[in-house]
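Read off the chains here:
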Amino acid sequence: MLLPELHDELARVAASPRPVRRLSGLTVSAFTAALVALLFAAPAAHAQLTELAVNVASSHLRGLL
Amino acid sequence: MPRADLVSDAELLHDHGTQFGDFYARHERRLLAYLVRRTGRGEVAADLSAEVFAAALAACRRGAPIPDVPVAWLFAIANHKLADGVRRARVEDNARRKLQMRALELTRGQVSEIEGLYGESEVDSLVRGLSADQRQAVLAYVVDECAYSDIAAGLQCSESVVRKRVSRGLARLRLRLEEAR
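So the sequence lines, in the order shown, correspond to chains A and B.
If you read the first sequence in numbering that gives the first Met the number 0, its first letter stands for residue 0, the second for the next number, and so on.
If you read the second sequence in numbering that gives the first Met the number 0, its first letter stands for residue 0, the second for the next number, and so on.
These aren't lab readings, by the way, just hints derived from the structure by calculation.
From a predicted model like this one, the values you see are computed outputs, not experimental measurements.
Where is the CB? At the ideal position from N, CA and C, for every residue including glycine.
Mixed in with the good hints there might be a few duds.
Simulated DEER-style distance windows between Cβ atoms [unchecked claim]:
#	chain 1	residue 1	chain 2	residue 2	range
1	B	166	A	57	51 to 61 Å
2	B	108	A	56	26 to 36 Å
3	B	93	A	36	34 to 44 Å
4	A	11	B	118	29 to 39 Å
5	B	117	A	27	53 to 63 Å
6	A	27	B	97	21 to 31 Å
7	B	86	A	0	28 to 38 Å
Take the sequences, apply the hints, and build the full model.
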């Protein structure tokens, strides 16, 4: 092997635990704000909009996770 | 667990690249030979090679789909990094920084050894990628056309061991050639 140090370094990283992806506080705040704004914008269609907003937010969150 | 030299590249990259060290060992020489032919400098080839392997490992760790022919993917990354290097007039280290890898410190001997790969053919690289036992047996049987009994006498082992080494060595070369196509 020509570069054993590189091999060892790659093997070390490969064997180390993978970082867990977490949502940042900013992302969570943005989703919450968007959800609240949507609910207040159209009180007449409150129930339907709540369901829609929850579905959209959930799918976005799943995508991020 | 099966022997590393008997499993395919794709299998080595499964499970988020936990066996990436074996993948590196298998392709180090070929990639370095390719990069030194393209750049003409051992240090640059080593630097680029480290970045290419780091980028491949990072992709495995984030769960990117493993391509059917990982070695072709590796060389595609190398071409991309080469083009980036030419455009920016320096070798990137983004992937290595993301993985928090230590910087590579090369000795003069390593640089000259890498530069010695300049004239090495693809077949040379593949044969050198075999284990020492297999390489010795394959070269004696195929290139020197020695009989199994003569090789066994020279290596002080049984004929069946030599047959097994030749057979496994050739099988491994065949697999590598198919992957390289």
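Taking the hints in turn, this is what the structure says about them:
Between residue 166 of chain B and residue 57 of chain A the beta carbon distance is about 56 Å. The supplied range of 51 to 61 Å therefore holds. Taking the beta carbon of each, residue 108 of chain B and residue 56 of chain A are about 58 Å apart, not inside 26 to 36 Å as hinted. Look at residue 93 of chain B against residue 36 of chain A: about 37 Å separates their beta carbons, and that is inside 34 to 44 Å. At roughly 33 Å, the beta carbons of residue 11 of chain A and residue 118 of chain B sit within the given window of 29 to 39 Å.
Range check, residue 117 of chain B to residue 27 of chain A: about 54 Å between beta-carbon atoms, so the 53 to 63 Å window is met. The hinted range of 21 to 31 Å is satisfied by residue 27 of chain A and residue 97 of chain B, whose Cβ atoms lie roughly 24 Å apart. Between residue 86 of chain B and residue 0 of chain A the CB atoms are about 31 Å apart, so this pair conforms to the stated range of 28 to 38 Å.
Hint 2 alone, counting from the list given before, is not met by this structure.
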